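Asks: Each chain, written out:
Protein chains: 2
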Amino acid sequence: MAHPQVTFRNTTFTGNSILVSRRNTVASTTLKAQLEQFKTTGRYTCFELKWHPTYDDHSMWPVPKHLFWDSDLAKWIEGACYFLESHYDEEIDDAVRYIVKTIRSAQQEDGYLNLHYTVVDPKGRWSNIRDMHELYNCGHLIEAALAHRNYYKNNDLLEPLIKYVSLISNVFGPENDKLHAYPGHPEIEMALLRLYVETGNEDAYRLTRYFVEERGNSTGQDGKLYYDWEAEKRQESPWKRPSHYPEAGAHWYNQAHAPILEQQTIEGHSVRALYLLTAVADLLCMEKRGLAPMNKSSEWLATLHRLWDNMVDKKMYVTGGIGAIKQWEGFGIDYFLPQSTDEGGCYSETCASIAIMFLAERLLAIDLDGRYGDVMELCLYNNVMTAMSLDGKSFTYVNQLGSSEADKSGREDWFWCACCPPNYSRLFGSLGGYLWHYGEDQGETYINVHLYTSARVVFQTTHGTVELEQQSHWPWDGTVSFTLQQPKDTRTTVRLRIPAWTNSTFTLDPPLPEKPKYNPISKGYLTLSPDYVAANPNFTLKLMGFTPRWLEPHPYTSQNTVFLARGPIIYCAEDAQNPWETNHFKDVAVKPGQAAVREESRVWEPTGESYITLHTKAWTRSLRAWKDGQLGTGPVREGGEVELVDERDIVFVPYYFRANSGGKGHMRVGLIKG
Amino acid sequence: MAHPQVTFRNTTFTGNSILVSRRNTVASTTLKAQLEQFKTTGRYTCFELKWHPTYDDHSMWPVPKHLFWDSDLAKWIEGACYFLESHYDEEIDDAVRYIVKTIRSAQQEDGYLNLHYTVVDPKGRWSNIRDMHELYNCGHLIEAALAHRNYYKNNDLLEPLIKYVSLISNVFGPENDKLHAYPGHPEIEMALLRLYVETGNEDAYRLTRYFVEERGNSTGQDGKLYYDWEAEKRQESPWKRPSHYPEAGAHWYNQAHAPILEQQTIEGHSVRALYLLTAVADLLCMEKRGLAPMNKSSEWLATLHRLWDNMVDKKMYVTGGIGAIKQWEGFGIDYFLPQSTDEGGCYSETCASIAIMFLAERLLAIDLDGRYGDVMELCLYNNVMTAMSLDGKSFTYVNQLGSSEADKSGREDWFWCACCPPNYSRLFGSLGGYLWHYGEDQGETYINVHLYTSARVVFQTTHGTVELEQQSHWPWDGTVSFTLQQPKDTRTTVRLRIPAWTNSTFTLDPPLPEKPKYNPISKGYLTLSPDYVAANPNFTLKLMGFTPRWLEPHPYTSQNTVFLARGPIIYCAEDAQNPWETNHFKDVAVKPGQAAVREESRVWEPTGESYITLHTKAWTRSLRAWKDGQLGTGPVREGGEVELVDERDIVFVPYYFRANSGGKGHMRVGLIKG
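Chain order of the listed sequences is A and B. Taking the UniProt record's numbering, the leading residue of the first sequence gets 1, the next gets one more, and so forth. Taking the UniProt record's numbering, the leading residue of the second sequence gets 1, the next gets one more, and so forth.
Hints may contain errors.
Which copy is meant is left open, because identical chains are indistinguishable; a pair holds if it fits in one copy or across any two.
[To be verified] Simulated pairs of lysine to any residue, SDA-like, Cα-Cα distance not exceeding 25 Å:
1) Lys523 <-> Leu623
2) Lys224 <-> Lys240
3) Lys591 <-> Arg637
4) Lys224 <-> Ser59
5) Lys523 <-> Arg637
6) Lys224 <-> Pro64
7) Lys240 <-> Glu412
8) Lys224 <-> Met60
9) Lys542 <-> Glu232
10) Lys523 <-> Thr341
11) Lys240 <-> His257
12) Lys153 <-> Asn170
13) Lys542 <-> Val603
14) Lys224 <-> Asp531
15) Lys65 <-> His180
Since the hints were derived computationally from the structure, they do not count as laboratory data. Computed from a predicted model, the values in this text were never measured in an experiment.
Looking at chain A on its own, in the form it has when it is part of the complex:
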């Protein structure tokens, strides 16, 4: 078993897909832009452990603004190491070496390694596991260290982290003299499992099991929930709580309101929830691969399915965004999915959709189902890809589906809480790891293709080297040509994802035998048998459905809107291409099925990448009949049809494309269904 952050090294992107374009931009521009931000904000040199003026900023209890600096650097190192292999750059190389050196030098005698509790509050270690992100930061440093080792082939960063893990393992655990705690922000669980898989570190595995199984134990520490116990120990009033907690004791904020196995719906901070479930899925993957047995694995799997279904069926935006509620950066009630803050919320944090990709990748390994692949792709091309400008220099944290005067569509150079930009970098650095799963199983080779693009994977089997190449103009066209090279005597099964939005309409060339001995399509994957691929090492899948389609939200969302999609791409309208718009498309209606939608191929000159715009007619909903308060009885009027006026041409662009073309920052994904 290997994680995508390792297996990506077997994949080479080819051609000029938008994935290649984006990877090149991150390598050439983004990593350096982020490095520049590190230098101007104080992050770059922070592990020299000198005082920085930011440390005096106590404006946001309990989280000081520098609390995530460790993880910002770690995620950047991780991304940099992924890219150095394919896009070597001396400046990046030097910066990685410098930061790693300072991290090594910042480690304390006993192995402790954390900026805040070394420089700012040396006496406070482990006193606030709920809020203070010590374990989260450590997790990201572990992931950086593993990436670093894989590229540099040395343990300069891993060594101090292993020492730190050893310390942590002495602090946390079921033994009486240890803290019965679990991270306020899950992350380290995923990192420790990578550490275990790559190095065999037993402490790492045991810790993760403990963190996952202990979480939400209402009597875990001296008969109390750990977070309540530690708050008492801090002599905090039970009513003192971070702003993310809507009320005292709302431990669902960080998924600690109940043991994970008892959680019926997905709740709270969405990144925390998804990181946590990814670790759970990792444990199940490891069991499946025979690496480590898991207790109650069928219950854990049912929990994963239950929470995934709740998320995807009732709490996910059409863009793959999750989290409607700003206050806790997380999930609202079922079907509560307003498009914008002026309509009640929409958070859709970039990191949360990246985390969905993490979880989907694991679920695909446990249980091959196109449902996971479809969502992974949806997130990638929409809520994730919109998070960086095409020039690679600016980013989003929140990804609303509709703008408003208070929250315009745009991007920022940086954030004080800068989790998202380096998360984007490291995802794109390891993106090859998400395209396919492959390997040997009971003497036969398999390649399950999840994402289409132009790329080649090469891996070793007991028979020798297997290579599969795919070529396509994805996501704009559904024709994907494959070439398989395999040693003699290799029997390889290839499975190809058939996205749900194709309605299973596709052709395969050469075609399958008229009566295959097996059901060729199961749970969203087309299976090509070893005989077929041996006979046809060159084959072409042609997926239909690459025409514009209108999507309608579930009625319980109370969104009287429609969304325009094409293939895996979700579209939006913005004022840059529709300069007539003045009110964030709040009153703009379209007529699915009545007004035709025309496609137009375009090229974005700065990167040379192609994209498709969609063109149809739009109308404006007249509110003349809705003069406020005309009845003096609330915002109502006496009945009648809504009047649509001012027929116009409207241009839709991919959601990821938004806020790259100037304009006033007016944008909307779902327009009124006229």
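Fit chain B to the known structure of chain A by using the hints.
Replies: Quick look at chain B alone, frame taken from chain A:
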């Protein structure tokens, strides 16, 4: 100038209107049911100042459950005193006398009079003005005392309250040695102004002016906002905050985020907001009547209009309910008006709509505009009247427009925070005060009729006694017959409200002269000149619009629903009359304009009151096409029309009528527009 709680004594309800029916029920049943609750919960004897087990309950910081007991008793006394005059009852009389005696005996040497800080926390007086309701409780006791004096013609209750006000006046004020505070929960401001008007108590007037003008002063106490200053003095972390505060420092919760004159939108806890604005309006009324000059009165009036408009045009439910958000029992963002908790919220507290009536009554006195009268009536017949069962024994606190499994439609016998039931009683006790404004102005008499029913008002003028009687079957029929009796030489102008929902269609009999010398209709009122009424002491207004009408919510509310109304009554569907319903009418659609609506007159046997049911056709929205997650991309489907199936008869009943006929507690006001 006199308040409706005084002027109601000039009005006698006649006939058998639903107002009479409800008043009789309160007098015969409700006051005693509430008294019984007082006896079983410990409230009744609390001013004997013995310990009660409830005082040990610290489950809800910072508010102990007994914190409002003073006000519960006070509101009940107030309501009882209003009713004793028209519905004398010995048990009620005895209970009032007993409670008043204990309140007198509970007053401390220096005049202090508060249960919690006398029995439970004697050292804590005035230490938490933000949360602890001392001034709120005092306000209700003042109102009780004034009602008590008007009925009993003695000062047994008023005397201790005047002493308490004197103490309060030494504690709060602009002087350096006083607290620069203002009530966390406004109420006392209204009470003090009544005290001033009825007794001339100058302290009372000065205190209210101070509370209103000082509110929200960001540097009021030692350079800080008072609530921040006192929290520091309590050595509270700035992050310790009641659950109603969504985040630390969210002083908009109690309208203290800015000086009132600078508040642009109505925010926070809705009862607090409305009590506060009622006091502001009272101050303006007093200025208008020459009782006391006000600084910046045009700015204050503009503020009232601005906040009223924001509330009515963008934050009010069609039932007259306000407050979409449960967490702070108050206003959400503009146009955020979901019908039920499972759709994102709906609070619509009973007390809040009662408070709208308070404010509307004052605004009508300042500026005669049917907009205020329409809303006053809307609140009365819908969100307020639904708050008590027809048998007078059970009540609501929250008045959702749609039920859900977690929040069924129903009522409770009582609440630990029991503000609403006695508020209902005292409103109905003083209801006559809301029907009309009347008096003399520059030698001429005027009667402005705001609410139609069957009732008679008698008042004195310099010329002698004037009497106006109205008779109607309101709210079921729009014909209202008037009889005016006035002394010779009296010139009386009568103004009649023409509700906006009539679209100004009405007839007057005898008709006005063909070319009246004045514009007979202005801002929703029809003016009958002294000449007209002198010539026609018997006249009949026939208002049209008493047919069912469909109302549509503003598109920005994202409610794809319609509401059924008739006259001032808003209707709902409930399963008791529609036993086929199984899902809270969440998927039930109606077709305005396509399916006819038929009326049926009925009688509610227990009280003999009449009401009208509305009958039309309904369909069920099929969700078959919405199989969750069919696209694996969130709760969406590929386009198509929503299918309506299962045509059925549906019965609508008045919203106030809901939850009186058994059933499973399924109810909804707004149904899908099919």
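Asks: State the violated hints by number, sorted upward, taking the hints as numbered earlier in the document.
Replies: Per hint list: 7, 9, 10, 12, 14, 15 violated.
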